[in-house]
Structure formats: C-alpha cells, structure tokens
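Enquirer: Residues per chain are reported as follows:
There are 2 protein chains.
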Amino acid sequence: MRNVAIVGGGITRFGVREVGWKDLVQEAGKAVFDDVSNLDRKDIDSLFVGAAQPERWVYQTHVAPLVAELLGVDVRRVIARTEVACASGQAAIRYAWLSIATGLSDVALVLGVEKMNTKHMNISQTCMVNVGNREFDGVNGFTAPPFFAMVAQRHMHDYGTTKEQMAIVRVKNAKYGVMNPYAQFQKEVTVEKVMGSRMISPPLSLLDCSAMTDGAAALILASEDIARKLTDTPVWIVGGVQVVEHSHTVNQMGDLSEWKALRKAADELYKMTGIEAKDIDIAEVHDCFTISEIIEYEELGFCKKGEGGKFIEEGESYIGGKVAVNPGGGLLANGHPLGATGIRQAWEILMQFRGEVPEGRYVSGARIAIAHNLSGMAQLHHLMAYSVEKPQNLKG
Amino acid sequence: MRNVAIVGGGITRFGVREVGWKDLVQEAGKAVFDDVSNLDRKDIDSLFVGAAQPERWVYQTHVAPLVAELLGVDVRRVIARTEVACASGQAAIRYAWLSIATGLSDVALVLGVEKMNTKHMNISQTCMVNVGNREFDGVNGFTAPPFFAMVAQRHMHDYGTTKEQMAIVRVKNAKYGVMNPYAQFQKEVTVEKVMGSRMISPPLSLLDCSAMTDGAAALILASEDIARKLTDTPVWIVGGVQVVEHSHTVNQMGDLSEWKALRKAADELYKMTGIEAKDIDIAEVHDCFTISEIIEYEELGFCKKGEGGKFIEEGESYIGGKVAVNPGGGLLANGHPLGATGIRQAWEILMQFRGEVPEGRYVSGARIAIAHNLSGMAQLHHLMAYSVEKPQNLKG
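Residue numbers (numbering that gives the first Met the number 0), protein chains in the order written: chain A, 0 to 395; chain B, 0 to 395.
Wrong hints could be hidden among the right ones.
Any copy, or any two copies together, can satisfy a pair, since identical chains are not distinguished.
Claimed, not checked - Quick list of in silico lysine-lysine cross-link-like pairs, DSBU-like style, CA-CA up to 35 angstroms:
1) K21 <-> K118
2) K389 <-> K270
3) K228 <-> K263
4) K174 <-> K277
5) K29 <-> K277
6) K304 <-> K41
7) K29 <-> K259
8) K41 <-> K389
9) K270 <-> K186
10) K270 <-> K41
11) K29 <-> K162
12) K270 <-> K118
13) K270 <-> K29
14) K259 <-> K228
15) K277 <-> K162
16) K228 <-> K270
17) K263 <-> K41
It is worth saying that the hints were derived from the structure and are not from the lab.
Since the model is a prediction, treat every value here as computed from it, not as a measurement.
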C-alpha cells in the first residue's frame, strides 16, 4: 500500500443557502483549487463524490460525472458517488484513499455536497424517512429525532446522564462555531437557552439537534511523492474502518445506550494504527444530537462507559481537556449537509494541523486526529485516523 | 497490491418481477451463498452495494447497511453503496477489488440491485430524466432513447451503418438470451421483427432498446490465499479503468458517433493489463441500445472505426467469430436493472470461465474477458478485465 495524504481542502459556508446544488459544487471546487494553487487541475485523475439523496432533494442522480463537468476534472482512472446516508462524505474519502494506495489513482478530488433546504420543506423532511428501514420504521414517521430521543432516555435511565450535561455539549460546540466563519450557527448559547428551546422529541430540545443544511466541502488527496511536491504540510491517512450492527430495523436493535459497533470500530482502528485513545489530540465526532457526542466519548474510549455526561461536565472534551472534541463546532454548529459532513471534518483536521484556525479554537501541537461518522439509526459507524506523520512513523 | 479473485456468484431472474426490492436482495444473496457453500458467512468483512436510484423507485436510501441486515453480513471493514447510474454495479466491484487489494478487506460481498417496475410506471420513467443534466436536458424529457437515437442517426450518416445491421445485434443477443434462464427476454427474434417493432425514437424501434427491469446479482470477492481455499476456479481481476468526457450536458458534446472516452479507457486498460483487443475471448458490453454495441466494437478495437455495422453483419461478434460479445444475451435480452447489470456481466464471465452455461452460448476455452458499462449519455465509460490467470501470469 502506498501512503496517501490530504494536500488541500476547501469548503462553502454551511447553512440555508440561497443557491442551488451546482453552485455549492462550484463554490467548494473553487475553494479547493485555490487552496492547492500549485496543482495543475489536469493532474487530477479520479473523482469521488459523497452525496446522500440528490435524487430526492434536487432531482438529480449520476452526480459524479456532473461534478466532473462542473469543475473541469479530467477523470481517467476511478470515479464514483458514494452513499451511506449521513456518512456519504467519509465514504468518498475512503474510496479515494484506497484508489491511491493501490496505485490506480495518483491525485484524486473528493467532494461532498448536499442541498437539503428547498422551497418544499415538507419534501425535504420526508426524505429522511428513507434513511431507516422505510417499510418498518419510515412509514411510521420514525426519523432521527425520535430515535436519538429514545437513545437519550435510555442513557439517562442507565447512567443518570442529565439534560444539563447534554446541553453543555451544545454550549461547547456553539462556542467553537462562533469562531468558524463557515458554520451555519455562529452564536454562543447557554445551558439555559438549550434547555429552554422548543421541545422536539423528549428529552431532546431544538438546540440538542443538528440542522438541515446546504453545503459542500472538497479535498485533494495524493500519493506520497506527489503530496510532497504539492505541500509542506500533508495530512496522512493512517487508517480507517467501518462496522455495522445488523439491526437496521429499530425493533431488532439491542441496548440503545450502548453502541457496540462504534466500540468495535474504535478497537479495530486502534489495533490497525497503533494509536490509543489517549494519543488522540483532536476528535471530530458525529454530534448529530447532543446525546450522540456523549455516547461517542464512551465508545471511543475517552472515558468509561456511562461517564460521558461527567466527561463533558468536567470540561474534558474542550480544547485543553483530555481530547479536543469538535473544535470546529461539530455538526451542531456547522449544520449537517449529509454528503459534505465527513469531508468538512477532514477539512477541519487539515486546517488544525496547518494552524489555520483562529486562536480560540486552535488545538496547538495536535499531531493525531480521528474523524467519526455514524449513519442511519447509529447502526453503522465510520472511523478514519489522520496524522502529521506517515503511518510507519507513528508511535502508538 | 494483493491479487483479488471472484470466487462465486448468484443472480435472480431478471424481468418484471412481482416481488419487492428486499426480496430481490435476498434472492441474489441466497444464490451467491449457495454458490460459495464452503464459505462461512462470518468471514465476509465488507459489503458493496451497487444501486442507482432506490431513493426514487422504492423510497429507500442508506441501502448498504440494510442489505447487511437482510443477508446477515457482519461488516467490520468497509461498506458503501456506489452510484454511477447504469454502471453502479461495476463501481461496487471496483471498490471491493481495491479494498481487498490494499489488505483492508479479505472477503467482500458485492451486490447490485434495482427495482424499476413499480405500480406507477410514469414515476419509473420520470426517474430516468435525473440521469442526465436535469436542468438542461432532463427538463426537456431528454432521456436515453432520444439520445441514443441521435447517436444512431449520426453513425448512419457518418459511416453508412444501417438499421438492418443494428437489428442483427438484437438478433444475436436474443439468440443467446433464449439459452439464459435468468434473462428477461427468452425469445428468438428476426431482423424483420426488430425492424417492424414499434418506433420509439427514429431510427430506434422497440427491440433496439433494452428494458426497465427488476433484478439483483451478487458476487463474493476474496484475496488470493482465501480464494484458493474457496474455489478451484477463481476469476482474477486484472485491471479496471473509468474515463469521463466532460460533456455531461448534451449541447456540450462533441461528435456523437465517436466515443472518445471509451477509446481512451480501452487504450488505458490494454496498457495496464498487457491485454490486446485480439486477446479478448469474451466481451460483456453495454448494449443498452443496438447502436451502442456497434460503436463499442469500434472503440474497443475489435474492428476499425466505422466498421461496427459490418462486424456484426459478418458474424464476428457471435461465438466463433473474432470475439464473443454478450454471450449471455447482454442488456438487450437480460434487461437492465441499473445497479445489477455490471454485476450480472461479471457473473456471466464467471459462469463462462467455469463452463457452467449451456452449450449453445458457451465460449469454449475462454481465458480473458472484459466487461464494459457506460453511464448516462455515454460520457462515462467503465471497463474491467478478468482472466483465468493471475495478473502476473498474463501474456499480452
């Protein structure tokens, strides 16, 4: 396997954008080409597009070659759109990584995009019932908020986690979001404000939830020799793993407060890379809801099972704590354009490693980062590990 | 890169099936597990699902983990759904190949599926306008039949290709389809019958066109050491390449009768593998319309540019001719369930190499095969090469 690095990235402002899907693609494309300005666009041989449901939101499929046309990319090795719902973006990075690692591709563009806000928001929201097992759960209107509400209820019951602790996750991520000019939400919030926001599905209030967002993000990945020519600050991909629990259907699931698939994925990633939980400087995790981030602390091994609430309460996931979790504001502040989120996370890690983020959300001296996505009803977990050092130079 | 082989496959009957999407998945799953009966299903670590538009046809997205649940596959390395419209299935094979080649995966299930016939056929057909550039072409109702009709007109104009020659492509593929119990259409046709069938878009008549089809197909891929344990007849993947022309939008396209992307892809594949056009025993090509197969003879190098009509007229693409093209009946006889087609092609090659097809469509002694898909308005071409011998043993 050849070493593979991220050599540059670009992102659009996330939010309710008054532009179309194609505009988002071109905005992220311009941003990434500006960032890797010494790259001849002709050297890009492959293209990977992360997109969850353009078929429904913008009535467009076959999106990968359309992106090639919109950005003038001369694909001649590998091209595909990847879809795994909320983790479609990370899947695109993984496919690019493997294509370059094998030598099939040398330089790849990876772009994630989603246009979720349309003039017909009832349609936008209806699309979300297609993510679960539609015939069992979707038809009953069972989307993410009620599912994660059940998760939160169970975690509160099993471990005494409180609504206040969940609210602090939002407070933390909002604080970093203020310093992120690309984030959908750039306002600080208080625990009181989170807890007092409109109830969505008990115990989750509006500010416990991430949003329906428009946005795109892009990366350039390259093999080691080319990466060295393009940048002095490559970010190396050092490992990646995905684990599914069989239960796509909610009535088949086990204990909702335990995410065995994530625990298994983390164990495997740590074994694969030699990284231990304590080595991780930055964790970009999938805080689609506040409770998610709390469970992720636990399953990723940052704290003991059941102590995720205490972990955030004690400030351990703030910059300066045991591990900086979502120093870019996470999904809660950035919003969650499904296909773009996984790529936004890698972009954040790139900017952090390069020191190109404002002081207040900069994780000084960070060398090892992980990115985590979950998709659907948290039955599928996706992890990638990144480092400033090449895989073989990594110390566990 | 590790060597990767197809060790088994299974397929559903293709056609207008009175079953649902999930039934198709399970039918193909059972078929592939029956075929590789000495495989412990627990050894499958990865899953790749080729699917074009389940979001629109069956209102279901996030299909990869749903397939994992339906088939009881314990995914713990890589999982994704791949989409490149009509070539979504081949893209899934490619991703599995690269995952195993790098060592990330050892044994992968690859499954392609599409349920295109619904109770609301107007919806089914409307979905096809999303494949092109919807805002320029789709809104004008510009789907595949009028596009390929323009291609045919241009080829007739440039090279003197005749409607009779196109009809012979259907006659050949129908002949082999009769001997394929999984094909949608299992009736012989005559040139007269093809030419006399209902006009769809001049010069293409109904029998010049492939169909809207329900179906699924599945493969097991494994690394060399595991493949050796599972089968005495592995089919090795020896190369693969995809090439895009920039023109997703029809008014930006060049000469419609020349498919430069396919020529470029073939040149690259031949260079990558050491195979020459004359070495190929079986070519599974994307005969979505009769004219497509004629142009594919030319761009793949089986005959000179413009002589594709003559090539079929002289019987050179029949079994026993220069190269056996679509000995399983191609898309014209099998039908074209978008996500399943690319996998059905690889399955056909597997069955041919194993000698498990009826005498009349058996390509005796075949050792090298290619599979070709195109997607959208033929701007994106996808090629894979397969052999009974490992890549390093290949003689050009």
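Enquirer: Indicate, hint by hint, whether the structure satisfies it.
Expert: So, going through the hints one by one against the coordinates:
{"no.": "1", "hint": "K21 <-> K118", "in the structure": "both (16 angstroms within a copy, 32 angstroms between copies)"}
{"no.": "2", "hint": "K389 <-> K270", "in the structure": "both (16 angstroms within a copy, 31 angstroms between copies)"}
{"no.": "3", "hint": "K228 <-> K263", "in the structure": "between (37 angstroms within a copy, 28 angstroms between copies)"}
{"no.": "4", "hint": "K174 <-> K277", "in the structure": "within (24 angstroms within a copy, 65 angstroms between copies)"}
{"no.": "5", "hint": "K29 <-> K277", "in the structure": "neither (37 angstroms within a copy, 44 angstroms between copies)"}
{"no.": "6", "hint": "K304 <-> K41", "in the structure": "between (49 angstroms within a copy, 28 angstroms between copies)"}
{"no.": "7", "hint": "K29 <-> K259", "in the structure": "between (40 angstroms within a copy, 27 angstroms between copies)"}
{"no.": "8", "hint": "K41 <-> K389", "in the structure": "both (26 angstroms within a copy, 33 angstroms between copies)"}
{"no.": "9", "hint": "K270 <-> K186", "in the structure": "neither (39 angstroms within a copy, 56 angstroms between copies)"}
{"no.": "10", "hint": "K270 <-> K41", "in the structure": "between (38 angstroms within a copy, 20 angstroms between copies)"}
{"no.": "11", "hint": "K29 <-> K162", "in the structure": "neither (42 angstroms within a copy, 46 angstroms between copies)"}
{"no.": "12", "hint": "K270 <-> K118", "in the structure": "neither (47 angstroms within a copy, 50 angstroms between copies)"}
{"no.": "13", "hint": "K270 <-> K29", "in the structure": "between (38 angstroms within a copy, 33 angstroms between copies)"}
{"no.": "14", "hint": "K259 <-> K228", "in the structure": "between (42 angstroms within a copy, 31 angstroms between copies)"}
{"no.": "15", "hint": "K277 <-> K162", "in the structure": "within (27 angstroms within a copy, 70 angstroms between copies)"}
{"no.": "16", "hint": "K228 <-> K270", "in the structure": "both (31 angstroms within a copy, 27 angstroms between copies)"}
{"no.": "17", "hint": "K263 <-> K41", "in the structure": "between (40 angstroms within a copy, 15 angstroms between copies)"}
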